[in-house]
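J.: Take a look at the letters that make up each chain.
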Amino acid sequence: MTTQLDSTATEPVRPARRRRRLPDTAALAVVLVALAIFFSTQSPFYLTPNNLLNILVNAAVIGIIAAPGTLLLVAGQFDLSVGSGAAFIGVVMAWSATQWGIPTAVLLALAAGLVIGMVNGFAVTVLGINALITTLATLAILRGLGQVIAGGQTLLLSGFGDLGNARPFLDIPVPVLILVAVVVVMALVMRFTVFGRSMYAIGANPVAARLAGIRTRTMIFGGFLLSGLAVSVGGLILVSQLGAASPNAAMGLELSVVTAVILGGASLAGGRGTILGTVLGVLILGTLNNGLTLMNIDSFWQDVARGVLLLAAVGFDQLRLRFLSDK
Amino acid sequence: MTQLTLSLRDISKSFGGVEVLHQVNLDAVGGEVLALLGENGAGKSTLVKILAGDYTPDGGTIVVDGAESAELNPRSARRLGIRMIHQEFQDAGALTVAENISLGRWPGRGGVISWSRLRRRAEDVLGQMGVDIDPGATVGSLRVGERQIVEIARALADDAQLLILDEPTAALSQQEVDRLFEWVRRLRDRGVCIVYITHRLDEVFELADRVQVLRNGDVALVSATSDVTRRELVEAMVGRDIGEVSRPADLGAPTLGEPLISIRDLEVDDQVAGLSLDVSPGEVVCLYGKLGSGTTQVAEACFGIRRPTRGQLRIGGVEGFPSSPVDAIRRGVGYLPPDRKREGAFMNRTVVENLAAASWSRLSSLGVILARRERSAYDRWSGKLGIKSADPTVQAIANLSGGNQQKVLLARWLERGSNPLVLVEPTRGVDVGARQEIYSAIRALSREGQAVLVVTSDYEEAVQLADRVVVMQRGRQAAEFAGDDVTAQNLTIAAGG
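As you go down the protein sequences, you meet chains A and B in turn.
Going by UniProt numbering, the first sequence opens with residue 1, and the numbers climb by one from there.
Going by UniProt numbering, the second sequence opens with residue 1, and the numbers climb by one from there.
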């Protein structure tokens, strides 16, 4: 028992990590549990397996898009075009399926997602337009293009229900499985790969990142590309769930994504944020929406709640930044 | 106009337990230009910030017009007519000259600005100064010298009695300097007291009636300008205790092979003209010059941050100017930037990450960073450079001391195997003990075959580090010293005092 003590005299004190990392995510977990307890007292249906799965299914698209969204925010970037992007993807899918069949349409939809990511990435990294303006512009462009292709109509799509509705494994719907896969992969990417760590470095200090030889523009471009890809997956899930594509779908999805990411502890100042936090943020958002619905509260109030949550999350972030810089 | 007399008596001030001013006196008298002279870190800025009410002194008294005043805060300083013109402009670039001149005191009624009165006030002041600047132009569109004059006009419109100018000529052309001096003299003749901070001796003799030299937080000399010589001023600034700053013990070792940095007739915009120098493996060469002398531009050219306008540069065995930091890094150049916080460290990231950031591709396999390899990079250099971190894989670099941070950033390039190294102000904001450790580490590295170019504005650093020193003054190569000729006196005089 005593033989190894001498060689580790200067060995670091491990608990430091726990002490410092715990508060953020732990506080979120507490909020989530508190919300769950509250809603279960308000509605007998809340705490049923079906309803909990329902929350997950509804949160799946937000979560899938919020995962690369976290990566972007960590690098000090963000993508507001995801909502109209998802609707656009749905329209592309439904429209091309009638022309060339479903397999080709899926490929086209995925390609369209990558193109969206490339356009955003090009504008931000090569033209040097900031992410807010760039993605606000593509938000409008994609919403408009979707309307044009769909001719302002809702396009029906049959024979493409499995992606959104099938339960191939343990009775879990496909979107939830995809969510889990995306979240795990992104968490690993952010934590262990050169790409992920470079994004943290870029967000923490863009000048220093450039001077350390990190290819900041390539990395950020890659982040937008991943975001575009996630948008196409999310858009496909949405169109599959509904069996139809509306150019007006996914209104305000970007707000949910940004809210979840910031709620999850990613800082608008960059360099800080985790996938675990974002997952908790997504779940809190989903729980809130679900619970308010079960309580028969008007969906308009859900928008209000979401906005308040975003303000609260950003306000908290600002307080934390001020606290940190005061030290 | 009534003239203000303000005296600081036995002022002391500490930051974080380090006393930067020891019982310093200063007299500011209306109708006189007082030059405040001293090296970086001598305490000039702290002293004038106390004068401007920005800092509260820890001890001492402030006497205004013969009456002892309990304290000087930004508000009371303003009331007394004390104004400071900072090195970095504190104007609003998007607003007009007229708006800036009355900034914070825009005339009007009930929140509605009277543009005619605003403009008239600006024209009055500018007219008094005899300056031809359009009050309607936005300040951002003005040249640096004009901007400075607008700031002075603003102080004047505010009825300044005591004007503090903090190294106002750093970014000015000779013509603009001449104009500025004219305004300063005019203000003095109107009874305004001027405290003029500088480290250029020429300006002292040209402008000042009296000169006060600070050194390491003490007053080293106070005298009428006419009673003092250049030599005396340099000695007061540098000190006779200069013998304590010793040259490295291992001088005279032969260089090891061809130069890794070779610069010929380098020209960078209008900031560097005709610089030539070589740095070979096995030697530490210092490029020494005052702030604004062009030394930083040379360093930036070596690392592909700034593109030179003319000349030849051969670095890391490749001919031609590096096109970007990535290009320079590929040639093997390592670069320690002057501003650690802004350009060097990822403050909220861990020590290990900061150290490994330039070597991730080598420490990873298929894009996945191997934690063990990353950690071993830290272990490789922590002992050699004396980096002290309680838990390098978890601790954020922000929680290390300045000296330790700097060692981590140095190790970033050593881990990458970079050679040559370009180190800009390597010990800025580093305490004395750690400074010596960094110096001996740099010397040791050079003995092992590193070519090191140290760019510094601290002559003590050059004396303690360099095999050879190239001195720059106002963009030009002023002198080169080697061996025993590298002395504080030689360096400061060559750099323009």
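Please note: incorrect hints may appear among the correct ones.
[Said to hold, decoys possible] Label pairs and their calculated CB-CB ranges: (1) B:Thr56 <-> A:Leu132: 34 to 44 Å; (2) B:Arg105 <-> A:Gly128: 31 to 41 Å; (3) B:Asp58 <-> A:Ser40: 51 to 61 Å; (4) B:Asp58 <-> A:Val126: 47 to 57 Å; (5) B:Gly317 <-> A:Val30: 51 to 61 Å.
[Stated by the list, open to error] Okay, the calculated bits of chain A under chain B, using three or more residues with CB under 8 Å as the criterion: (6) 80 to 89; (7) 200 to 207; (8) 211 to 217.
It should be emphasised that the hints constitute simulated quantities derived from the structure, not laboratory data.
Cβ atoms here follow ideal geometry from the backbone N, Cα and C, with glycine treated the same way.
J.: Could you work out which of the previously given hints the structure breaks and list their numbers from low to high?
T.: 6
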